Amino acid sequence: MSTLTKAGIVDYIYERTESNRAEIKDLVETILEIMKTSIKKDHALLVSGFGKFEAYDKRARKGRNPQTSQTITLPPRKVVVFRLSRKFRSELNPS
Numbered sequence: 001m002s003t004l005t006k007a008g009i010v011d012y013i014y015e016r017t018e019s020n021r022a023e024i025k026d027l028v029e030t031i032l033e034i035m036k037t038s039i040k041k042d043h044a045l046l047v048s049g050f051g052k053f054e055a056y057d058k059r060a061r062k063g064r065n066p067q068t069s070q071t072i073t074l075p076p077r078k079v080v081v082f083r084l085s086r087k088f089r090s091e092l093n094p095s
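Per the working numbering, the sequence shown starts with residue 1, numbered consecutively.
Keep in mind that the hints were calculated from the coordinates and are not lab data. One should not assume that every hint holds.
[Claimed, not checked] Below, in silico cross-link-like pairs of lysine-lysine (DSS-like), each with a Cα-Cα straight-line distance of 27 Å or less:
{"#": "1", "residue 1": "Lys-36", "residue 2": "Lys-87"}
{"#": "2", "residue 1": "Lys-41", "residue 2": "Lys-6"}
{"#": "3", "residue 1": "Lys-25", "residue 2": "Lys-40"}
{"#": "4", "residue 1": "Lys-58", "residue 2": "Lys-78"}
{"#": "5", "residue 1": "Lys-52", "residue 2": "Lys-36"}
{"#": "6", "residue 1": "Lys-78", "residue 2": "Lys-36"}
{"#": "7", "residue 1": "Lys-36", "residue 2": "Lys-25"}
{"#": "8", "residue 1": "Lys-6", "residue 2": "Lys-40"}
{"#": "9", "residue 1": "Lys-25", "residue 2": "Lys-58"}
{"#": "10", "residue 1": "Lys-87", "residue 2": "Lys-40"}
{"#": "11", "residue 1": "Lys-41", "residue 2": "Lys-58"}
{"#": "12", "residue 1": "Lys-87", "residue 2": "Lys-62"}
[Stated by the list, open to error] Cβ pair distances, simulated, as ranges:
{"#": "13", "residue 1": "His-43", "residue 2": "Asp-11", "range": "28 to 36 Å"}
{"#": "14", "residue 1": "Asp-11", "residue 2": "Asn-93", "range": "22 to 30 Å"}
{"#": "15", "residue 1": "Arg-21", "residue 2": "Val-81", "range": "27 to 35 Å"}
Quick caveat: nothing in here was measured; it's all calculated off a predicted structure. Note that beta-carbon positions come from the ideal geometry of N, C-alpha and C, so glycine has one too.
Based on the provided sequences and hints, a complete structural model is requested.
Below, the structure is given as structure tokens:
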């Protein structure tokens, strides 16, 4: 099993279209930038039939350094979660 990378997406589109690789790379970069901006601004991005990306704040919490067993406080941070759409979930898990 291999992971699809941004370069892999560019190659995949390049093989199926008449566009040049540089144009496709710019297009993929633009789409990803739009996605990142949307998540930063609205804290959510919905792609119908695929899923929803949601950003939320995680509070500070206590943690432990596994090397020293010292208790530390982890700072608050933002995290992004992805939830599959029902349609995509049913495609992944056919009955």
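Distance restraint evaluation - Arg-21, Val-81, Cβ atoms, bounds 27 to 35 Å
For Val-81 against Arg-21, whose Cβ atoms are near 33 Å apart, the range 27 to 35 Å holds.
Given the proposed pairing of Lys-41 with Lys-6, does the C-alpha separation stay at or below 27 Å?
Distance ~23 Å between Lys-41 and Lys-6 Cα, so the pair holds.
Against the 27 Å threshold, does the CA-CA distance of Lys-78 and Lys-36 hold or violate the hint?
13 Å, holds
Given the hint that Lys-87 pairs with Lys-40, test it: the Cα-Cα distance must not exceed 27 Å.
26 Å, holds
Has the given pair, Lys-6 with Lys-40, been kept, meaning a C-alpha gap of at most 27 Å?
Holds, at roughly 20 Å.
Taking 22 to 30 Å as the hint, is the beta-carbon distance of Asp-11 and Asn-93 inside that range?
29 Å, holds
Straight-line alpha-carbon gap Lys-52 to Lys-36, limit 27 Å
Given pair Lys-52, Lys-36 holds - Cα atoms ~13 Å apart, limit 27 Å.
Restraint check for Lys-87 with Lys-62, where alpha carbons must lie at most 27 Å apart
38 Å, violated
Compare the distance between the alpha carbons of Lys-25 and Lys-58 with 27 Å, and conclude whether the hinted pair is satisfied.
34 Å, violated
Pair hint Lys-58 and Lys-78, alpha-carbon separation not exceeding 27 Å
Given that 27 Å is the threshold and the Cα spacing comes to 6 Å, the pair holds.
Proposed proximity, Lys-87 with Lys-36 (alpha carbon, max 27 Å):
24 Å, holds
Is the straight-line distance between the alpha-carbon of Lys-25 and that of Lys-40 27 Å or less?
22 Å, holds
Against the hints set out earlier in the document, violations occur for numbers 9, 12.
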